[in-house]
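Peer 1: These are the residues of each chain, in order.
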Amino acid sequence: ISTGGGDGNSGNGGGNGGNEDTNTPINTEAPTEDITVQIAGDTRMADNSDAIIQSMYDAGLPENISVEIIAGSQVTDNRQAQYQQWLNGGREEPTLLMMDSGWTIPFIARDQLQNLSQSLPSEMTSTIEDEYFQASVDTAKGAEGDLYGVPLFPDFPTMQYRKDLLRNAGYTDEDFETWATESMSWEEFSAITKEAMEANPDIDNGFTFQANVYEGLSCCDFNEFMTSYGGTFFGGRDNLFGPVGDRPITVDEEPVLNSIRMVRTLIHGEDDEHALDGITGNISPEAVLQWTEEPSRKPFTGGNAIMHRNWPYSITINGAEDVFGEDLGVMPIPYGVTPDESEYEGTGGPVAALGGWHMTMNPNAPDEQKSAAVQVLRAMMEPQFQLDNFGIQGWIPPRPELLDSDEAKEVDVIGRYLSALKVAGENAIPRPVTVVWPQQSGKVAQEVNNAYAQEKAPEQAMSDLKSQLEQIEQSAS
Amino acid sequence: MSNEQSGIGLGSDDAEMKRGPLGRWVGKAIKNPGRVYRAMFYVATVFFLVTTLFPFYWLLVIALTPNNLITDMGLVPKGFNPEVFITMFERVPFHLYMFNSFVLGITTTIIVLLLASLAGYVFGRLRFPGKSLLMLGILAISYFPPAAFLIPLFELFTGNTAISLGTVTISTPDLFNTPAPMVFPFSALFLPLSIFILTTFYGQIPDGLEDAARVEGTTRLGALFRVIVPLSAPGVATAGVLTFIGVYNEFFFSFIMNNGEASSWAPIVAGILKYQGQFDTPYNLMAAASIVGVLPVAILVIIAQERIVSGLTAGALKE
Amino acid sequence: METLSETQFAYLLLTPALILLGVIAIYPLASTFSMSLYADQLTGAARLGEFVGLQNYIDLFTGARDFALPSAFLPTFTTEFPFVTDIYSSALMVTLIFTVFSVLFETLIGFGQALILDQDFRGRRWVRVAIIIPWAVPIVIQGMIWFLMFQPNIGFLVGTTENPAIMNQLGLIGTTPLRDTADSLFLIIVADVWKTSAFMALLILAGMQSIDRSLYDVAKVAGASRWQQFKLITFPLILPTVLVAMLFRTIDAMRVYGIIETMAGCQTVPSLSCLVVTTFNAPLYGTSATVAFITAGIIAIVVSVYIVNFASEGI
Amino acid sequence: MGDVKLEHVSKHYDDVTAVDDMNLDINDGEFICLVGPSGCGKSTTMEMIAGLTIPSEGKVFIGDREVTNLPPKDRGVAMVFQNIALFPHMDVYDNISFGLRLRNYDKEEIDRRVNRAADVVQLEGMLDRMPDEMSGGQRQRVAIARAIVRNPGVFLMDEPLANLDAKLRVHMRTELQRLHKELDTTIIYVTHDQAEAMTMSDRIAVIDSGQLQQIDPPLVCYNEPANLFVAGFIGSPSMNFLDGTVTENGFESTNIDIEFDPADVGIEAGREVTMGIRPEDVYLVEDTNLVANPSHEIEAMTDVLEPMGDEIFVYLKLEEGAEASLDEDAIAMNDQLLMSVAPDTDIEEDEDVTVILDRSRVHLFDTETGKAISHGIESAVQASGPTGTEAESDD
Amino acid sequence: MGDVKLEHVSKHYDDVTAVDDMNLDINDGEFICLVGPSGCGKSTTMEMIAGLTIPSEGKVFIGDREVTNLPPKDRGVAMVFQNIALFPHMDVYDNISFGLRLRNYDKEEIDRRVNRAADVVQLEGMLDRMPDEMSGGQRQRVAIARAIVRNPGVFLMDEPLANLDAKLRVHMRTELQRLHKELDTTIIYVTHDQAEAMTMSDRIAVIDSGQLQQIDPPLVCYNEPANLFVAGFIGSPSMNFLDGTVTENGFESTNIDIEFDPADVGIEAGREVTMGIRPEDVYLVEDTNLVANPSHEIEAMTDVLEPMGDEIFVYLKLEEGAEASLDEDAIAMNDQLLMSVAPDTDIEEDEDVTVILDRSRVHLFDTETGKAISHGIESAVQASGPTGTEAESDD
Ligand SMILES: Nc1ncnc2c1ncn2[C@@H]1O[C@H](COP(=O)(O)OP(=O)(O)OP(=O)(O)O)[C@@H](O)[C@H]1O
Ligand SMILES: Nc1ncnc2c1ncn2[C@@H]1O[C@H](COP(=O)(O)OP(=O)(O)OP(=O)(O)O)[C@@H](O)[C@H]1O
Ligand SMILES: [Mg+2]
Ligand SMILES: [Mg+2]
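Those protein sequence lines, which keep their order, are chains A, B, C, D and E.
Read in order, the letters of the first sequence correspond to residues 589 to 1065 in my numbering.
Read in order, the letters of the second sequence correspond to residues 13 to 331 in my numbering.
Read in order, the letters of the third sequence correspond to residues 5 to 319 in my numbering.
Read in order, the letters of the fourth sequence correspond to residues 5 to 399 in my numbering.
Read in order, the letters of the fifth sequence correspond to residues 5 to 399 in my numbering.
Heads up, some of the hints might be wrong.
[Claimed, not checked] In silico DSBU-like pairs for lysine-lysine, Cα to Cα no more than 35 Å straight-line:
#1 D:Lys-185 x E:Lys-171
#2 E:Lys-185 x D:Lys-171
#3 D:Lys-171 x D:Lys-111
#4 D:Lys-171 x E:Lys-171
#5 E:Lys-9 x D:Lys-171
#6 B:Lys-90 x A:Lys-751
#7 C:Lys-235 x D:Lys-375
#8 C:Lys-235 x D:Lys-9
#9 C:Lys-235 x D:Lys-321
#10 D:Lys-171 x E:Lys-63
#11 A:Lys-997 x A:Lys-751
#12 E:Lys-63 x E:Lys-185
#13 E:Lys-185 x D:Lys-321
#14 D:Lys-321 x E:Lys-171
#15 A:Lys-782 x B:Lys-143
#16 D:Lys-63 x D:Lys-111
#17 D:Lys-9 x E:Lys-171
#18 E:Lys-63 x E:Lys-9
#19 E:Lys-9 x E:Lys-375
#20 E:Lys-321 x D:Lys-185
#21 D:Lys-171 x E:Lys-375
#22 E:Lys-185 x E:Lys-171
#23 A:Lys-782 x A:Lys-751
#24 A:Lys-1044 x A:Lys-782
#25 E:Lys-171 x D:Lys-375
#26 D:Lys-171 x E:Lys-111
#27 C:Lys-235 x D:Lys-171
#28 D:Lys-63 x E:Lys-9
#29 B:Lys-143 x E:Lys-63
#30 C:Lys-235 x B:Lys-143
Hints in this document: simulated from the structure, not taken from any laboratory.
Throw the hints in and build the complete structure from the sequences for me.
Peer 2: Now the structure itself:
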């Protein structure tokens, strides 16, 4: 019985195929025979596959290459497990895999992806390095700096708000225009929200976000709040992706605690024994503690909230004509401290947690498939394709410059909010994904939620968390 | 054979006109305990109907409410959107997933009932050394979380397990995206339950009937399928229903063993999850899909079960 | 074939089942067991690290591996009732609590449902459909139904501190039940009882239908009331079926995962299977395989109660 | 307290009428046997008395109370079922004590009663066996014991001795009679065994096709059957029947004539009648001295002999060449006669013999309606001797 | 082809020996009745012949083939089960045709045979009933029909007529005999009905406690029982037994002496013997003329009278004050005697009577071993008359 990385005897030798496979340069000549490239995408991609494929051809994909998009599971955990088995088992299909930027790195660490820096022409990789959102590119790189994935689209949360309700509190379009690019502080934000609540007594919720015990809290909401106060998980940005076991653990530092105190104040009010001075309290319902994206969006979309932190997908929903239309406002996430006030490089200010997806290549695929796949990747890197898909399925173009283009502004609903998105993108903070992040993420979510829920004092929760993270770091070094 | 006493309406009404309706009822009830029994029966039935159906009704409420309005829900749909039952088919070829689940369910059920019948017969009616040990062994298989089987089975069914036969080493065939890597694991995992169910049912059939069949000229197996199985019809049908529904809704293995496409034999849960985006969850579509996936099957299963039972026993055991 | 001895015949008939189980269950388990003897490996192509013998088992039992799990594996034992410190903080206790309550209520309710379905009345078929429906609902949807019901601002069964719903007023659950282990466990048990009582009901009903009706005639003439008929005829005769049903429900409950994942998440309600799946996805294959085997061992201990019963029933 | 009354009781199944307008009036403490051909409705009648089957029409009374719709447990009956129906999950002790345990008798009383009942049915030492470890007869005895441990007002026993050997039957019979005397309960008893019905019962109820034919003390049924059915059913082997007509001189048929004055038995000449005579009332002519009131001599030829140990059945052919057809569907077989003789009688097959009938034991029935016209012919050509129990015509 | 042989066959259950070293040799075409008390091992023996129970020891042969371990289907037997065992899920037609369908007979042949069998058991028109819609007797008849549709080498019938009324039994008996003659199959038949055993069988096998006691033609068993058990078991009511000793003058007991020369029957004086006499061999002194070889006169007093219709059983007390105990556990009851007299005998209860015994029908048994010593005493004080079937002493 094999207990190692599989002893598959199929062509490419399964998961233990070794580095040569993932590093072998690929023939970048477009194949001449008819060939089909299978892409493990998601439901949205599969639903729009005709338009997407058409835009690939428009972007120069040779006609003899056809593309088949399978939906895969949309539940991200499931998809991760699926890929895990497929790649480990040495499956040749699918050739291209759409991967969450939140868990691409562990696949890289296990040598399960094609090393694009080694096998693609350098003109392609350097385009990515130079022109794409930096934070996105960072999450597609191995420890040694090689690129293993082509960012497809990034995703960053923003703060959505109801202009109509804020108008009742005396704010004007002028203010809204400022807010779209100039982030406000949490103090300001909480005060404004409170004012709006008082001006709209029939609205139950001020600010809604997600703080359930789940990956979304550790990767994103908490990460955002923490970073906006200048806090970090593992010291500066440089340590986000390692070295595991060899980096400081800084979750018990004051900025992190402040961010927790801030959230506690938002939920439980200024009387909370760990309230943060300057923050106006009681604007978020307790319910946030068990909300994920959709449940938190429901009250906002349903008209019962003023402020709402969420991903761009919800902008499209909330900004639709039959929901709020032009009354929906979008701004970057507020900040706790300014970048210069914060100890660590790249923290503070209006941060946005980084989401989004990459396209990676299955190293077990036959060579012809890989060559064809390169053509597909090339097409996907065309600005035109990226703009098309912003329109087709709302993929935010991975190049910041494209957000300024007129074509992008033309896109329905979300085109109106590009300036805010661009700020968010430029201030994106990735989650600290490493091979041990899956273990750490659960602990972070648990402890942070406990602290938010007043079950533990912030100090206690974070020192507990620190020691757990330490154990995990040690186990893997 | 026996008639239950109905009792309703037989109580005499005289001298009870002065009491209120409840008093009258109590009076009658004391005279005729059958009434109390019937009343209890109705109360219990209504209770169970409400408790089992209410969450399902809630599902219907969600389905009929347009997704954007699903917030602060009450007991009735907010808005009324029956088109959801059409939209769900437009978004995902749900009928194909249902078909897949159905085929997987039927195939597995047949395999399980067949193997479990043989084993149930052996365990229920024969005595032989090693019996308890074997039964315990089979039971022990169900102690393991399904995840414990996942990696080896995936390798087995995707051509990554090598079997060496002397000098030649052959690898198992790649069955990814076919029904096989689902049907076999389902069969193995549902087998212990069915074996135990059938063991108890087969064990209770009087020896005399098996004897009669054997003297008439059947083999022991013949007696099993002609007499013991039909007489255990309620048990067999129940084992079948439990297996079928279990497989119909399985997801743990099926999402690893294929790429999730209807054309790759993915089952209904894969279909239901296809409505879901990374963040956006159209609860109404998922609810509608599960109603469409579940309700007809539940009805079908019940009718099939009644058919099976009455077909096998032709009303011999009851009524 | 008929001239084989009873023993040979028995083994012959068992062959197909044993082959299937051998290939699809025993072989994978053996393979998984050997995985449990290796260290976890997170980098590089190999799935597993070096051979460590029983170290994984030792680490799990001593708590040295708890950091890699969503929750502690074993509770901290004390000498005072209830003999463990925080009963909701370990996977073992959470699983046992879930198992005891869900199996208990499922059996009782299943019994009640079976008793009703065993009567003859118009529309029985539809009542039967109604009772089986929960069992036919996929776990994902089961989770969704209950998740939405107890989602603040969506479901009506949970309210806010200012505006509590009935269940909050009764003190059954807090206003954010699905983030609280105790509340979630309670709701998950309710959801599980809703779904799986049908399993019990169907099996018990089948047992009832297989009873020779003439025995009731005898009992009636002997003077048995309905209750006595149930106690002395129905119950003992369906007991083997009930035991089988409870046995498998117990095993299933001990492996509960899906409903937890879809309602509250493994971090909030860490069951034994949650540990297996979370570590499997991490992917800590050595740890995961070890937890799976220990889980099986714990289940074996728990269900030995039934095995003893079976032995005394002579099955 | 234990009297049982059925008033116009009928039971219809889908297409079968199992019991048809039955009227029965059974006194407290009586021992009644229900007899009749298979499928005639005996068990159904019992079940209606027990309350297991609700009559389609009519009323059932037990001891003055109408019980038609009362559940079985409130009727105070104990029953031995034809299909035995032991509880398979209980040992013999628990099976027998079932009814007592229901009534919360104390442990010792139960013990005492069970042991006594086991003693009566000779199952001492088997109390811890399970039903499937017993022989057919043993199971049936458990079923009897299960009924007799109780003290009900009415015992219903549906062929309780069917699976027992002759010696045990005799034993059980006496035990049941003793029980009947001791407890003074009403016993309603179904049996197909003539001897049982004759020796045990106060009255026999003869049923055919769901209808009551006659209910009378055993010897009355035997000697004065109310109709052809009863005459043919009671007595084994069955009564001989010959169809004929009444003339001025008496009865005339193809092979046998019997002289009497029609006026004496109250029928007019010319009527179609069936004559009945039991095998034991047919004598060889050598034994004429035993018969007080013999008929003419009848020439016949022996056919089959059936030696039974204590008697021999002789099938007689009355006509040359007649086949001894054993077809008992036709009520009357005009060309043959069954005779019973002592076992030491010197008789061979295919031998010519001369027989006589005991005229005081001759029965006449209306051929058409089957109703009895007369039992025994007194007004004899020869002087009448002392006659035992024969009765007057009661038609 | 249809001969059945059991060689030293035993069957032990946990703590019970159901059959004990049984040797049986049944010829092809023979009709054998197995009789014996309840629980003696009859059904077990049948099951071993059918192959449903595997003997603990010994061998079973059917027609030269050893079949001890052969499955039932390969033995060519058909069986009527004591517990009937109809398939509850099949209607009558399917039950009867079950064996034929297994053998793939064609539709018409099955139809034909089923209809004929249904005819024989008088169930025409009930072919589409389900078993639970039938009466006990009807079910039993289905079971018989199920066996007789087939043409097996051996029929095994375990009390097939137990639930049938007398008339139907007679009918079924003749049908079975006809079948036996027609098909010329071996029939092994368990019955507790003496009349059945006597009239139908070629030989009767008497079993007690799992051991074969005697296997002989019916009248031999009746007239020359091999031992006390057979003597007491065969014949109903049972033989009278009196314990006594042999003296120079013959048999002497408390109440009855019988004179004979011990040498004639081959026993020495002083031996303890049990004398047996059947009720029908006890005569009132008035009937001495009927007896060729009468004994001394015996004074007695009548106790209970049991009129049976065709005879009356008279219980006689031989001693003043003796209770007519009905306890048949004690083999010999020295102070009482059962007599059967003709139904028209003029006799009352509690009357002094004088009776004689038919000496040529007196049986002597060794009290200790129970073995028969002599059947009938020829060497008479009075001149011997013609005796029928009595036999010589064969001890
Ligand atoms: N499975 C068993 N376990 C133990 N003892 C048994 C079993 N089956 C039969 N016996 C015993 O074996 C003996 C013979 O049983 P069998 O059925 O052969 O009797 P039988 O002669 O047919 O009696 P009956 O006339 O009452 O039917 C009985 O004493 C019975 O109690
Ligand atoms: N459930 C039923 N459905 C239809 N017919 C029935 C049903 N039960 C009994 N019968 C019929 O009613 C008639 C009377 O049945 P019952 O059992 O009373 O007869 P029985 O006199 O006890 O006969 P046996 O001596 O054979 O036991 C029979 O012809 C039988 O076929
Ligand atoms: Mg009957
Ligand atoms: Mg028997």
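Peer 1: Decide, hint by hint, whether the structure agrees.
Peer 2: Quick rundown of the hints versus the structure:
1. D:Lys-185 x E:Lys-171: The hint holds at about 31 Å.
2. E:Lys-185 x D:Lys-171: The hint holds at about 31 Å.
3. D:Lys-171 x D:Lys-111: holds (33 Å)
4. D:Lys-171 x E:Lys-171: holds (22 Å)
5. E:Lys-9 x D:Lys-171: With Cα atoms ~29 Å apart, Lys-9 (chain E) and Lys-171 (chain D) stay inside 35 Å; holds.
6. B:Lys-90 x A:Lys-751: Given that 35 Å is the threshold and the Cα spacing comes to 25 Å, the pair holds.
7. C:Lys-235 x D:Lys-375: violated (53 Å)
8. C:Lys-235 x D:Lys-9: Given that 35 Å is the threshold and the Cα spacing comes to 33 Å, the pair holds.
9. C:Lys-235 x D:Lys-321: Violated, at roughly 64 Å.
10. D:Lys-171 x E:Lys-63: holds (32 Å)
11. A:Lys-997 x A:Lys-751: holds (20 Å)
12. E:Lys-63 x E:Lys-185: holds (29 Å)
13. E:Lys-185 x D:Lys-321: The hint holds at about 22 Å.
14. D:Lys-321 x E:Lys-171: Given that 35 Å is the threshold and the Cα spacing comes to 21 Å, the pair holds.
15. A:Lys-782 x B:Lys-143: violated (73 Å)
16. D:Lys-63 x D:Lys-111: This hinted pair is violated, its Cα atoms lying about 38 Å apart.
17. D:Lys-9 x E:Lys-171: Cα-Cα ~29 Å, so holds.
18. E:Lys-63 x E:Lys-9: Holds. Lys-63 (chain E) to Lys-9 (chain E) sits at ~8 Å (cutoff 35 Å).
19. E:Lys-9 x E:Lys-375: Holds, at roughly 25 Å.
20. E:Lys-321 x D:Lys-185: Since the Cα atoms of Lys-321 (chain E) and Lys-185 (chain D) sit roughly 22 Å apart, the hinted pair holds (cutoff 35 Å).
21. D:Lys-171 x E:Lys-375: OK: Lys-171 (chain D) and Lys-375 (chain E) at ~20 Å, within 35 Å.
22. E:Lys-185 x E:Lys-171: Holds: Lys-185 (chain E) and Lys-171 (chain E) sit about 21 Å apart, inside 35 Å.
23. A:Lys-782 x A:Lys-751: holds (14 Å)
24. A:Lys-1044 x A:Lys-782: It holds: about 26 Å lies between the C-alpha atoms, which stays within 35 Å.
25. E:Lys-171 x D:Lys-375: Roughly 20 Å separates the two Cα atoms, so the pair holds.
26. D:Lys-171 x E:Lys-111: Violated, at roughly 47 Å.
27. C:Lys-235 x D:Lys-171: violated (39 Å)
28. D:Lys-63 x E:Lys-9: Measuring from Cα to Cα gives roughly 58 Å; hence the hint is violated.
29. B:Lys-143 x E:Lys-63: Between Lys-143 (chain B) and Lys-63 (chain E) the Cα gap is close to 28 Å, so the pair holds against 35 Å.
30. C:Lys-235 x B:Lys-143: With Cα atoms ~31 Å apart, Lys-235 (chain C) and Lys-143 (chain B) stay inside 35 Å; holds.
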